[in-house]
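**Q** Residues per chain are reported as follows:
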Amino acid sequence: MSIQVQNIHKAFGDFVALGDVSLDFPTGELVALLGPSGCGKTTLLRIIAGLESADGGRVLLDGEDASDTHVRERHVGFVFQHYALFRHMSVFDNVAFGLRMKPRSQRPSEKAIRTKVHDLLKLVQLDWLADRFPAQLSGGQRQRIALARALAVEPRVLLLDEPFGALDAKVRKELRRWLRRLHDELHITSIFVTHDQEEALEVADRVVLMDHGKVEQIGTPEEVYRHPATPFVYGFLGAVNHFSGHVDGQSVRVGDEVLRHAAPDLKHGDEVIAFARPHELDIVTDLAGTDGVPARVARVLSFGVTARVELDGLNGATGQHFEVELTRERVEALALQEGQTVRLHPQRLRVFAR
Amino acid sequence: MSRRAFQVLPGFNLTLGYTLFYLCIIVLIPLSAVFLKTSQLGLSQFWDVVTTPRVVASYKLSFGASLLAAAINAVFGLGLAWALVRYSFPGKKLVDALIDLPFALPTAVAGIALTALYAPNGWLGSALEPLGIKVAFTPLGVLVSLVFIGLPFVVRTVQPILEDLDTELEEAAASLGARRWQTFRHVTLPILLPALLTGFALAFARAVGEYGSVIFIAGNIPMVSEITPLMIITKLEQYDYTGATAIAVVMLLFSFVLLLAINGLQAWTEKATGRNR
Chain U
1 MSIQVQNIHK
11 AFGDFVALGD
21 VSLDFPTGEL
31 VALLGPSGCG
41 KTTLLRIIAG
51 LESADGGRVL
61 LDGEDASDTH
71 VRERHVGFVF
81 QHYALFRHMS
91 VFDNVAFGLR
101 MKPRSQRPSE
111 KAIRTKVHDL
121 LKLVQLDWLA
131 DRFPAQLSGG
141 QRQRIALARA
151 LAVEPRVLLL
161 DEPFGALDAK
171 VRKELRRWLR
181 RLHDELHITS
191 IFVTHDQEEA
201 LEVADRVVLM
211 DHGKVEQIGT
221 PEEVYRHPAT
231 PFVYGFLGAV
241 NHFSGHVDGQ
251 SVRVGDEVLR
261 HAAPDLKHGD
271 EVIAFARPHE
281 LDIVTDLAGT
291 DGVPARVARV
301 LSFGVTARVE
311 LDGLNGATGQ
321 HFEVELTRER
331 VEALALQEGQ
341 TVRLHPQRLR
351 VFAR
Chain V
1 MSRRAFQVLP
11 GFNLTLGYTL
21 FYLCIIVLIP
31 LSAVFLKTSQ
41 LGLSQFWDVV
51 TTPRVVASYK
61 LSFGASLLAA
71 AINAVFGLGL
81 AWALVRYSFP
91 GKKLVDALID
101 LPFALPTAVA
111 GIALTALYAP
121 NGWLGSALEP
131 LGIKVAFTPL
141 GVLVSLVFIG
151 LPFVVRTVQP
161 ILEDLDTELE
171 EAAASLGARR
181 WQTFRHVTLP
191 ILLPALLTGF
201 ALAFARAVGE
211 YGSVIFIAGN
221 IPMVSEITPL
231 MIITKLEQYD
241 YTGATAIAVV
251 MLLFSFVLLL
261 AINGLQAWTE
271 KATGRNR
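Here the protein sequences line up with chains U and V, keeping their order. Under the UniProt record's numbering, the first residue of the first sequence carries the number 1, and numbering increases by one thereafter. Under the UniProt record's numbering, the first residue of the second sequence carries the number 1, and numbering increases by one thereafter.
Only chain V is shown next, with the shape it has when bound in the complex:
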């Protein structure tokens, strides 16, 4: 007695088939090639390549800075989205359009611009130098450029949810005696959290894979400010293709596990906030 549920727009077979085919061509085959190439190395050789101190230092920088940048973007992106949705101010449309700029800008342009700005003789760099803060050619510089390229993700994922969020909910909370912080903590934030996590995950994923904007400002000092994608490029330039793919494999696995964890967290919050029942 199994009857298929009626759907207005049919096409399960078509869409699933297309999805799998597309994923195979665009994502899985290239990725499996990475694994295939890597398998030319023996296990001990592989381990040696991916655990060289210089490479390990680059993992720490890449993943650490990416997580930190995504977290910074989550906080300030939420603030930006809030200001754009809740208030009207002169130039609001302009600000709204500016937010997407990091999407459109060639990453190298962003990198060069940031470097020029933060270099010891740049506008901001020269102002920060006397304070003992060095941005360009340090891990801090890497962080700055990762924050720059990740910002739109959080703003654009949180914005529509905020627009749908009724101010009546906040009014109801206030009339029940909740203070401002309590209202935000117990009413607004739980509703925004799934979108915020999505934005965080996207910003993180983008930051991990970022190359163009980072290499200019990073200075690429071994053990200090080298990111993992740079290590891969370096290997490629030395015609060490298997070494490059080995590092890529580690990066892929790391990223996959982290993204899986973030998605799991997001599913859990959605369930806890009663949306997925």
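Okay, chain U solo, but in the shape it has when bound:
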């Protein structure tokens, strides 16, 4: 089922959590809402679920306006960051809860419920825990039970609020892959909220990047990573170096230094901010000329497949830190010493007007 939100506005007192957000979530996709904490992503998810009401705008479920529909009637599965399992019920009773609460006329027989619950527990691979209580399970197990419980009522969409946020790194990674497989099996329209860019890029079909209650960019993980539309997205996804300066003909001037770029739509004299990923910077030891930003080598880390060089900016870039990723061969050829002054040449530079 498709989900659309149109011109959603929500404020808590003076704080605008969501400012006129419109989004389309096509049927069957797994979409990540990604952004730093306080960006409004959880609020948006709760508004879609009906747990929170918007000050303005509409939520359409399957093309129908659901803005005034109670959460109970929306048929959405919601998974909470801290699981929200009923601690006084066994795992079985937790999963069966939604079925048992149905009006008598729609309620399946106790036998049908048992079959269904065991099927769901098999789906989340925890059939053997049916008689345990939530307190006896690990975090990862609890979240899988919470997911089984949400799926029991056959929701039209699945909404997950930082589902792996409370888990440790290893379990997180495991569950992430598992969630992707599960989605490929069920094809239920799903939205999950996360602040972990790796999680969003790895799991989702499509990523919605949000900041300060606004949508910054929507796209496939590849698109948003390769072609960030705004400075925020560039800075949020992956490691990045940035230079601030102004446009001077075909280059960006940072202090006395010059960085070449190819952004013809910028006017002479514009204040700009330029980004380059660590692997898009090169180090040259020849200090002549004004091409590239001067920097001092702070540390050379060459234990991985590629080597990483950390540098402190000089002159126009004083006080800034840079990170450069080079091949091991290149680092050996340069024979960098800590404390040595070098120049940074961007191979590729993305320039945004400020």
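No lab work stands behind these hints: they were computed from the structure. Incorrect hints may have been included.
[Unchecked claim] With a straight-line cut-off of 30 angstroms between C-alpha atoms, the simulated DSSO-like cross-links for lysine-lysine are:
id: 1; chain 1: U; residue 1: Lys170; chain 2: U; residue 2: Lys122
id: 2; chain 1: U; residue 1: Lys122; chain 2: U; residue 2: Lys173
id: 3; chain 1: U; residue 1: Lys102; chain 2: V; residue 2: Lys271
id: 4; chain 1: V; residue 1: Lys271; chain 2: U; residue 2: Lys122
id: 5; chain 1: U; residue 1: Lys122; chain 2: U; residue 2: Lys111
id: 6; chain 1: U; residue 1: Lys102; chain 2: U; residue 2: Lys122
id: 7; chain 1: V; residue 1: Lys271; chain 2: U; residue 2: Lys116
id: 8; chain 1: V; residue 1: Lys60; chain 2: V; residue 2: Lys134
id: 9; chain 1: V; residue 1: Lys37; chain 2: V; residue 2: Lys235
id: 10; chain 1: V; residue 1: Lys271; chain 2: U; residue 2: Lys111
id: 11; chain 1: V; residue 1: Lys60; chain 2: V; residue 2: Lys235
id: 12; chain 1: U; residue 1: Lys102; chain 2: U; residue 2: Lys116
Assemble chain V onto chain U, guided by the hints.
**A** Chain V alone, transformed into the frame defined by chain U:
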């Protein structure tokens, strides 16, 4: 190969020893004195004393009104705690402080105040009289004062549990299609039940032993509005010490059995709600 489990704060011997010693001095010795004194009566004499119609009527009133008052407090105390935890309203802090007042007030003051209020010429009494409702000097008056003194127990035992209760649980229930009543009945209430039972037991125990606030409003009409503690006092005033202790023994046993039953029920609910595994 028995090794003692490591504990951050040791002191099992000290605390257990102290507990037993304290219990002996403060609780067991005075109570056994009651039994000792009573044993001066023969069994048939004892039976005669504790089954006089007037005394039996007082048991019915004392235990009946106490159970009823505790039950009323359980319902309305839960409501009060709910309002205090879940909502913010002007004067909330004041209401919160007012709840403890029955703890602090000398019981006689409470009794006199309630009597003045509910007497046929009092503010409330005069309003209720035309409706045919008499509160002061009837068993209803006893109930009113027992409800008054028992209220804080339920509120104060339920409040912290409610504060810990995550609203996410209710949201989860709603998203699974549960209606409001179902959410309360199947999610909220089972979690609150052990605390609610504790509050009930405390309110009940306090009500059974209550004397000061009740005697003023009860009117103390034989066979109608006499409570058991009053019967004991009456015997004492007649220098019938063994008779007084005999009634006290019955009261003690009754209360002990009831409290034991409530505690058992509470342990059972805790187990059934998966907390004691």
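**Q** None of the hints should be skipped; say for each whether it holds.
**A** Now the hints, each set against the structure:
1. Lys170(U) / Lys122(U): holds (22 angstroms)
2. Lys122(U) / Lys173(U): Status holds; Cα separation ~21 angstroms.
3. Lys102(U) / Lys271(V): holds (27 angstroms)
4. Lys271(V) / Lys122(U): holds (27 angstroms)
5. Lys122(U) / Lys111(U): holds (17 angstroms)
6. Lys102(U) / Lys122(U): Since the Cα atoms of Lys102(U) and Lys122(U) sit roughly 23 angstroms apart, the hinted pair holds (cutoff 30 angstroms).
7. Lys271(V) / Lys116(U): Holds - the C-alpha atoms of Lys116(U) and Lys271(V) are around 27 angstroms apart, at most 30 angstroms.
8. Lys60(V) / Lys134(V): Within the cut-off at roughly 20 angstroms; holds.
9. Lys37(V) / Lys235(V): Distance ~14 angstroms between Lys37(V) and Lys235(V) Cα, so the pair holds.
10. Lys271(V) / Lys111(U): holds (26 angstroms)
11. Lys60(V) / Lys235(V): holds (18 angstroms)
12. Lys102(U) / Lys116(U): holds (14 angstroms)
Violated hints for the displayed structure: none, as all numbered hints are satisfied.
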